Amino acid sequence: MFHSSLARCLGEFPYWERKELEELLEDKEVNDYQFSFQLTQCQECLCLSSRPTIKFLFEDGSHSHNYPRCTKCRSENVRILSLDWLEMARCPFCREKSLEKGIGGTWE
Numbered sequence: 013m014f015h016s017s018l019a020r021c022l023g024e025f026p027y028w029e030r031k032e033l034e035e036l037l038e039d040k041e042v043n044d045y046q047f048s049f050q051l052t053q054c055q056e057c058l059c060l061s062s063r064p065t066i067k068f069l070f071e072d073g074s075h076s077h078n079y080p081r082c083t084k085c086r087s088e089n090v091r092i093l094s095l096d097w098l099e100m101a102r103c104p105f106c107r108e109k110s111l112e113k114g115i116g117g118t119w120e
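The working numbering puts the first residue of the sequence shown at 13, with every later residue one more than the last.
Don't read these hints as lab results, they were simulated from the structure.
Every value quoted in this text rests on a predicted model; they were computed, and no experiment measured them.
Just to be clear, a hint being listed does not mean it is correct.
[To be verified] Once the Cα atoms are required to be at most 35 Å apart in a straight line, the calculated DSBU-like pairs of lysine-lysine come out as: (1) Lys84 - Lys67; (2) Lys84 - Lys109; (3) Lys109 - Lys67; (4) Lys40 - Lys67.
[To be verified] Cβ-Cβ distance ranges computed for the label pairs, FRET-style: (5) Cys103 - Ser76: 30 to 36 Å; (6) Pro104 - Pro26: 30 to 36 Å; (7) His75 - Pro104: 28 to 34 Å; (8) Phe105 - Glu34: 16 to 22 Å; (9) Glu38 - Lys109: 40 to 46 Å.
We treat Cβ as the ideally placed atom computed from N, Cα and C, and that holds for glycine.
Sequences are here, hints too, so could you generate the full structure?
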């Protein structure tokens with residue numbers, strides 16, 4: 013997905029995460045950033061969701077990224093799942109490790 017500006021990317025985050033990111037950006041000048049959506053699973057409530065993630069490279073050479081939180085219970089104990097590791101995810105309903113990849117594709 014094409015995102016035209018940093019402001020638009022930040023708009024994809026929940027309010028509480030966006031505020032933290034904006035505070036981080038007040039102190040440093042951004043040189044570059046990478047934005048994407050990643051499949052995540054909360055290790056507390058097992059909620060599966062597609063979450064925005066962003067990595068910043070600052071002018072001074074330092075870097076930082078957001079730490080996704082669960083949108084359901086706000087736990088910070090969230091695991092990013094690659095599609096290769098999807099079978100390791102637990103079903104949020106029956107709590108078994110039985111998820112399978114179905115139809116996949118891109119939206120672009």
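Hints, one by one, checked against the model:
1. Pair hint Lys84 plus Lys67 holds up; C-alpha atoms about 23 Å apart against a cutoff of 35 Å.
2. Under the criterion of a C-alpha separation no larger than 35 Å, the hint pairing Lys84 with Lys109 is consistent with the structure, at around 20 Å.
3. A distance of roughly 30 Å separates the Cα atoms of Lys109 and Lys67; the hinted pair therefore holds under the 35 Å criterion.
4. In summary, the hint linking Lys40 to Lys67 is supported, as the alpha carbons are separated by about 14 Å, within the 35 Å threshold.
5. Restraint check, Cys103 to Ser76: a C-beta distance of roughly 33 Å satisfies the suggested window 30 to 36 Å.
6. Checked against the hint of 30 to 36 Å, the pair Pro104 and Pro26 fails, with Cβ atoms roughly 19 Å apart.
7. Range check, His75 to Pro104: about 32 Å between beta-carbon atoms, so the 28 to 34 Å window is met.
8. For the pair Phe105 and Glu34, the beta carbons lie near 36 Å from each other, so the given range of 16 to 22 Å is not met.
9. A C-beta distance of roughly 42 Å is found between Glu38 and Lys109, which places it inside the suggested range of 40 to 46 Å.
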